[in-house]
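Asker: Residue numbering for the sequence shown is 150 to 411, as defined by my numbering.
Misleading hints may appear alongside valid ones.
[Stated by the list, open to error] Keeping only pairs whose Cα atoms sit at most 27 angstroms apart, straight-line, the calculated DSSO-like set for lysine-lysine is:
1. Lys365 x Lys299
2. Lys365 x Lys238
3. Lys238 x Lys346
4. Lys346 x Lys336
5. Lys158 x Lys238
None of these hints come from the bench; they were simulated from the model. Computed from a predicted structure; not experimentally measured.
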Amino acid sequence: MNEVVLDVKKEAPEVEIRPVVADFGELASVRTAAETIQAFPEQFHVFFANAATGNPETLHRTSDGFELNFGVDHVAHFLLVNLLLRAGKLVSFSPESPLRIVTVSSRIHAVIGVRLDDPNFQLRPDDYNPLASYSQAKAANLMFARALMKRGILTFAVHPGTVLTNIIGPGTVKHFQKNGWMDADGKPIDTPEVKWKSPEEAAAGYIVAAFDPELKGQSGSYLVDCQLRNELIAVHSRDEEKVEKLWTLSEELVKEQFSMLF
150 MNEVVLDVKK
160 EAPEVEIRPV
170 VADFGELASV
180 RTAAETIQAF
190 PEQFHVFFAN
200 AATGNPETLH
210 RTSDGFELNF
220 GVDHVAHFLL
230 VNLLLRAGKL
240 VSFSPESPLR
250 IVTVSSRIHA
260 VIGVRLDDPN
270 FQLRPDDYNP
280 LASYSQAKAA
290 NLMFARALMK
300 RGILTFAVHP
310 GTVLTNIIGP
320 GTVKHFQKNG
330 WMDADGKPID
340 TPEVKWKSPE
350 EAAAGYIVAA
360 FDPELKGQSG
370 SYLVDCQLRN
380 ELIAVHSRDE
390 EKVEKLWTLS
400 EELVKEQFSM
410 LF
């Protein structure tokens, strides 16, 4: 965290930075972070739902009992965003510059989608595999954006591309090697299906989603390579009934109702 703050300060020394550390694998920590942010004097006009975890080969759970990817990638964001909305910390800058919330999805969202009847692999733990876990989490990220769009918030889901970061765990490496996207030493290999991006190239999609004025009328859209690609949203992730079921399920999991906000 300190390294990030120092890097930003080098580029923009006039910017006020307020670092907040939270464990997204523990809802109590997320609530504490929300309380910390609520005490800040500023309001915020852009929110990136970007936290994620590695892709474990075996079933792992958060301290609240959620499957790890689903709990960290979706449930924690759902809680934090809604707590900050309720507290009036996430607001529009002006009528011309509305609040934007950007979730980070993936093309892998299309593989399986959210297991609405058993998202935490409690009923059928033997169904767990890293691909199912990751696909579910990324579908939930996209569906959360769609749900916020229905509630009048300008939101986008971004597929940043395939990027070599420290979040890539052993299970993901094996999957990439099996598909020819990494060599035996874990080095990236470009293929017709996968073109690796630098962190800077991947971040460009976030910036477009957060600030491009041309996107103001495109809430709920899915961006790939900085372009609108709504035709790539899987049927299960655009299904309005499933989107609402995920919202209700998420409220049940965090033991809060946020309907009155909208």
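Asker: Each hint should be assessed against the structure and marked as holding or not.
Answerer: Do the hints match the structure? See the list:
Of the pairs offered as hints, the one joining Lys365 and Lys299 holds, with about 14 angstroms between alpha carbons and a cut-off of 27 angstroms not exceeded. About 21 angstroms separates the Cα atoms of Lys365 and Lys238, which keeps this hinted pair within 27 angstroms; it holds. For a cut-off of 27 angstroms, the pair hint linking Lys238 to Lys346 is broken: about 33 angstroms separates their Cα positions. With a C-alpha separation of about 13 angstroms, the suggested pair Lys346 and Lys336 falls inside the 27 angstroms cut-off, and the hint holds.
Restraint check for Lys158 and Lys238: satisfied, since their Cα atoms lie roughly 24 angstroms apart, inside the 27 angstroms limit.
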